Amino acid sequence: MFALIATLFLPVLAAEQQAIVVRQATVYANASSTAQTVGQVGAGTRVSIFSRKGGWKEIFSEEQAVIGWVRSYQVREGDFAPATEIQTTADSRGFLSGLAALSRKASSFFKSESGSTSSGTATIGVRGLSEDQIKSAVADPAELEKMNQFASNQQRIDGFVRQGKLSPVKIPHFEN
Amino acid sequence: MKLLLRILLILGLALGPAVSSTASALDLGDLKKQLDKARQKIDENKQKIDQARGKVSTGEEIEIGGNLVSGLLGAAPLVDDASLQRYVNDVGFWVAAQSSRSELPWRFGVIDSQGINAFAAPGGYVVVTLGLFNLLDNEAQLAGVLAHEIAHVVRKHHLKALQKTMKREFWTSLTVKAVSDGEDRQKLNELVNAGVQLYATGLDREYEYDADLHGVVLAARAGYDPYALLDVLTTVDSINPDSEDLTVLMKTHPPTAERLGNLTRKMDGKMDAYASGRLNAGRFRQLAKRP
Chain A
1 MFALIATLFL PVLAAEQQAI VVRQATVYAN ASSTAQTVGQ VGAGTRVSIF
51 SRKGGWKEIF SEEQAVIGWV RSYQVREGDF APATEIQTTA DSRGFLSGLA
101 ALSRKASSFF KSESGSTSSG TATIGVRGLS EDQIKSAVAD PAELEKMNQF
151 ASNQQRIDGF VRQGKLSPVK IPHFEN
Chain B
1 MKLLLRILLI LGLALGPAVS STASALDLGD LKKQLDKARQ KIDENKQKID
51 QARGKVSTGE EIEIGGNLVS GLLGAAPLVD DASLQRYVND VGFWVAAQSS
101 RSELPWRFGV IDSQGINAFA APGGYVVVTL GLFNLLDNEA QLAGVLAHEI
151 AHVVRKHHLK ALQKTMKREF WTSLTVKAVS DGEDRQKLNE LVNAGVQLYA
201 TGLDREYEYD ADLHGVVLAA RAGYDPYALL DVLTTVDSIN PDSEDLTVLM
251 KTHPPTAERL GNLTRKMDGK MDAYASGRLN AGRFRQLAKR P
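Keeping their order, the protein sequence lines are chains A and B. Residues in the first sequence are numbered consecutively from 1, following my numbering. Residues in the second sequence are numbered consecutively from 1, following my numbering.
Treat the hints loosely; a few may be bogus.
Claimed, not checked - Listed next, the in silico EDC-like pairs over lysine to aspartate or glutamate satisfying Cα-Cα at most 20 Å (straight line):
| hint | chain 1 | residue 1 | chain 2 | residue 2 |
| --- | --- | --- | --- | --- |
| 1 | A | K170 | B | D268 |
| 2 | A | K135 | B | E190 |
| 3 | B | K160 | A | E175 |
| 4 | B | K160 | B | E61 |
| 5 | B | K270 | A | E175 |
| 6 | B | K266 | A | E175 |
| 7 | A | K53 | B | D272 |
| 8 | A | K170 | B | D80 |
| 9 | A | K135 | B | E244 |
| 10 | B | K251 | A | E131 |
| 11 | A | K170 | B | E103 |
| 12 | B | K156 | A | E175 |
| 13 | A | K146 | B | D81 |
| 14 | A | K135 | B | E63 |
| 15 | A | K135 | B | D204 |
| 16 | A | K53 | B | D268 |
| 17 | A | K146 | B | E63 |
| 18 | B | K251 | A | D132 |
| 19 | A | K146 | B | D80 |
If you're looking for bench data, these hints aren't it; they were derived computationally from the structure. As the structure is a computational prediction, the values presented were derived from the model and not from experiment.
Could you put the whole structure together from the sequences, leaning on the hints where they help?
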């Protein structure tokens, strides 16, 4: 029965975000650790991600014939397809839909290679920010002044919070 | 016994007549009592010095932080995108408003570096590299990253680290004098230099775990999905750790997998109720100019 359902879903799943299980994970029926357990997926299992909810991801593993929810951190998104397979296009979520795509995107932003930064030309990227660069940096008070100018204020925040439908919640800090 | 007497005599000389005059009453019980008293006095003095050192006013803290960030900006300037910088400031300001130090002049920035990292400086300064920003997918993730850095400031982690690094004499003289005089200006520079080293060597691991935990609570208080920081860490964890973009982050932070494990264990059951917080992916994409 399950296999049948899984087969029906397969064409849809092919277009989903691919991911890999990084730690042995319990699969739950819902996004809650009190929900019914529907199976286990081992580290290294390839899965598809349907949806996300809080710290949970809804996954499907063809290999282990299981659909359900696992903790977000237990799966890593990305394109892990072998080179011979056609790379699926990035979904609307984009992030980590292939680190190769990401690095391509990043490299298109940057025109120069390491160390060729010159003050005032903010469009030229610094490759990395090495320990040496940090240690030997010469203070740039003008840039600090610029940073100060972008600072937010209560008036701006009111609109920002409203537009983003953000409502503050009272939560105590818990012990480390 | 002889040794005990000698110790007592030395202490007596140091602590004044109150101890030395009674030292002549060679009663063993008395001696012990006096010795305990002397020890207590030494401990009290030590405590006083410890309390005095590292105590900087909020004004000094902001000055130290400004100098540190100015250095970072010298290494990598701000990304030339005013709307992006303002957006990051709005997210950061809102998260910081949920902290116990909301009154600080919070300032945030995205700097033009491909290295994947974020930095905080005393007084309310936070910068995120473009390399890290480009890994983010929604506002909640940005809030999570900023909240971690805000937590470093709120918990005064850098100041505590500097307190450990700099010698005791340094602090006692700094707190006595006003920062405005020349000698203290020199001291401030010393402090800033030590702070810069911190960016390259990192804070104690326990401070990083503390900032992770404190940060997710701040993000949740601000109405964001607190698990978004876990998503960022998962993303970072998936990048080849040998990548030069990760060199400084890896050197200065605990292994990402351990941070993930620690955070998940600590959050388990406590944060599920807030997992439905906002992600605001649409607004993020628009401002980050993503397709």
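Cross-check of the supplied hints:
Pair hint K170 of chain A plus D268 of chain B holds up; C-alpha atoms about 18 Å apart against a cutoff of 20 Å. Distance hint between K135 of chain A and E190 of chain B is fulfilled; the C-alpha atoms sit about 13 Å from each other, no more than 20 Å. At roughly 19 Å between alpha-carbon atoms, K160 of chain B and E175 of chain A fall within 20 Å of each other, so this suggested pair holds. For the hint linking K160 of chain B to E61 of chain B, the alpha-carbon distance of about 12 Å falls within 20 Å, and the restraint holds.
Note on K270 of chain B and E175 of chain A: the hinted pairing holds, with a Cα-Cα distance of about 12 Å set against a maximum of 20 Å. Our distance criterion of 20 Å between C-alpha atoms is met by K266 of chain B and E175 of chain A, whose separation comes to about 9 Å. This hinted pair checks out: K53 of chain A and D272 of chain B have alpha carbons roughly 10 Å apart, not beyond 20 Å. Pair hint K170 of chain A plus D80 of chain B does not hold up; C-alpha atoms about 36 Å apart against a cutoff of 20 Å.
With a CA separation close to 17 Å, the supplied pair K135 of chain A and E244 of chain B stays within the 20 Å bound. A hinted pair counts as satisfied when its Cα atoms are at most 20 Å apart, and K251 of chain B with E131 of chain A qualifies at roughly 10 Å. Only pairs whose Cα atoms come within 20 Å are accepted, and K170 of chain A paired with E103 of chain B is accepted, the gap being roughly 18 Å. For the hint linking K156 of chain B to E175 of chain A, the alpha-carbon distance of about 17 Å falls within 20 Å, and the restraint holds.
Annotation: proposed proximity of K146 of chain A to D81 of chain B holds, straight-line Cα distance about 11 Å (limit 20 Å). With a CA separation close to 19 Å, the supplied pair K135 of chain A and E63 of chain B stays within the 20 Å bound. Note on K135 of chain A and D204 of chain B: the hinted pairing holds, with a Cα-Cα distance of about 19 Å set against a maximum of 20 Å. Distance hint between K53 of chain A and D268 of chain B is fulfilled; the C-alpha atoms sit about 15 Å from each other, no more than 20 Å.
As the CA atoms of K146 of chain A and E63 of chain B are separated by approximately 16 Å, the hinted pair is consistent with the 20 Å bound. Under the criterion of a C-alpha separation no larger than 20 Å, the hint pairing K251 of chain B with D132 of chain A is consistent with the structure, at around 13 Å. Proposed proximity of K146 of chain A and D80 of chain B is supported: the alpha carbons are some 10 Å apart, at most 20 Å.
When each numbered hint is compared with the structure, a violation occurs for hint 8 only.
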